[in-house]
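*Asks:* Sequence:
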Amino acid sequence: MGRVLFAWELGEGLGHVSRLLPVARELMQRGHECIFAVRDLGLAAMRLADQGFMVIQAPYAVLPQGRIPFSVGAYGDILGLVGFNDPTRLEALLRGWDQLLDMIRPDLVIGDYCPLLCLAISGAIPVIVLGDGFTLPPADQSTFDPLANRQPSLDEEELLAHVRAVQLRRGRPAPETLPGILRHAQPFIITLPELDSYAGRRAPGVGVGPLQPLPAPAEAPPACGWFAYLSLSHPSTPALLATLTQLDPTGSAYLRDASAQERTALARQGIRIHDTPQDLPAAIGAAGVLVHHGGLGTLEVGLAVGRPQLIVPRQLEQRINCGLIGGWGGAVSMAVNFTAKNVQDAFQRLKEPSFPQAAHEKAAELQRRGPFGSLPQIVRASEIHL
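Take the sequence shown: its position 196, counted from the start at 1, is 195 in numbering that gives the first Met the number 0, and no numbers get skipped.
What the hints contain is simulated information worked out from the structure, not anything from laboratory work. Think of the CB as a built atom: it goes at the ideal place given N, C-alpha and C, for glycine as much as any other residue. Among these hints, one or two may not hold up.
[Claimed, not checked] DEER-style ranges, computed between Cβ atoms: (1) Ala339 <-> Gly30: 52 to 58 Å; (2) Met27 <-> Glu157: 25 to 31 Å; (3) Gly326 <-> Ala202: 34 to 40 Å; (4) Pro352 <-> Ser70: 35 to 41 Å; (5) Ala238 <-> Gly170: 49 to 55 Å; (6) Gln260 <-> Ala198: 42 to 48 Å.
Given the sequences, and given the hints that come with them, work out the whole structure.
*Replies:* Encoded structure:
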């Protein structure tokens, strides 16, 4: 039997570990040893605790605190934020991965949002990467495309020069292009194609769709006004929940990063707060409106269940997701620095008949296209190396 390292390197929230976990469970059941290296040990524990996996800290790419020093207009700018614009920092992170790989000695690496790890390995170990249109752009392009019609801030040739210099010092091969840092990994895009901005340019077999079958459309009418899955670290979350509760007190929320004391404080304001994660399809199906930040996993479940969505993006990836679904007529996205009046207007719009109808029609379309479920294909691809 083989040893597999599952790696979550960049990104926020539970989505990255949640995408890796079904593959790890299946491989563990088949007798393979599975080890997780994660960006956030505390957050990952919400999914991995009591699962029987060894969980260790991944090399941590520290993001700039406060104001970002430049605007992010392409994937190369994201790489710059996590170390590619500083050869000393880049080399330290790559050598951190070298040391972790030397300790674990995996037969296979399966990663999510892990460009540094892909560069560190550079073909020395088989790598499979799970991702989406934001975290995993094509490796066969000469440069990274601009994101959401923005302009890149950093010179990719300069970033590539840093990569080449560091790889030379490490005695490892260097890519010909900056996207080429991903060229040795086998990619699997595990989202709906309409949520992948590169869908028309992927090689055959890359876009395999969601790992698990999507839930069926909700049949019963909503039992409450709204359900919110949010982060309390977003500064507008308390005010947003207070406004939603004033508009419809039957709604409720789960805040993935709230402490018991913070949940209690919000409950004292009359906001219904769940202490534990909810069954997402059931919670969404029971609600008239889904409120969330625009993460792909939640967005896909909302589309499949067929409920209008009020999206409060926290960062660029989520704003791009809002743009991808904006033309379907079943969602409204909040702008930066929104007010209580903006929330009230958006919530009332989503109650208009056209929004539930559009959401229902999209859910019915997805049901006709299903069933989805790429997990067996990814497991088969993994076991080739084990």
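*Asks:* Run every hint past the structure and note whether it holds.
*Replies:* Status of the hints after comparison with the structure:
The beta-carbon spacing between alanine 339 and glycine 30, approximately 55 Å, falls within the hinted interval of 52 to 58 Å. Between methionine 27 and glutamate 157 the C-beta distance comes to about 43 Å, which lies outside the given range of 25 to 31 Å. Checked against the hint of 34 to 40 Å, the pair glycine 326 and alanine 202 fails, with Cβ atoms roughly 26 Å apart. In this structure the hint that proline 352 and serine 70 lie 35 to 41 Å apart at CB holds, the actual value being about 39 Å.
The supplied range of 49 to 55 Å is met by alanine 238 and glycine 170, whose beta-carbon atoms lie about 54 Å from each other. In this structure, glutamine 260 and alanine 198 meet the distance hint of 42 to 48 Å, their C-beta atoms being roughly 44 Å apart.
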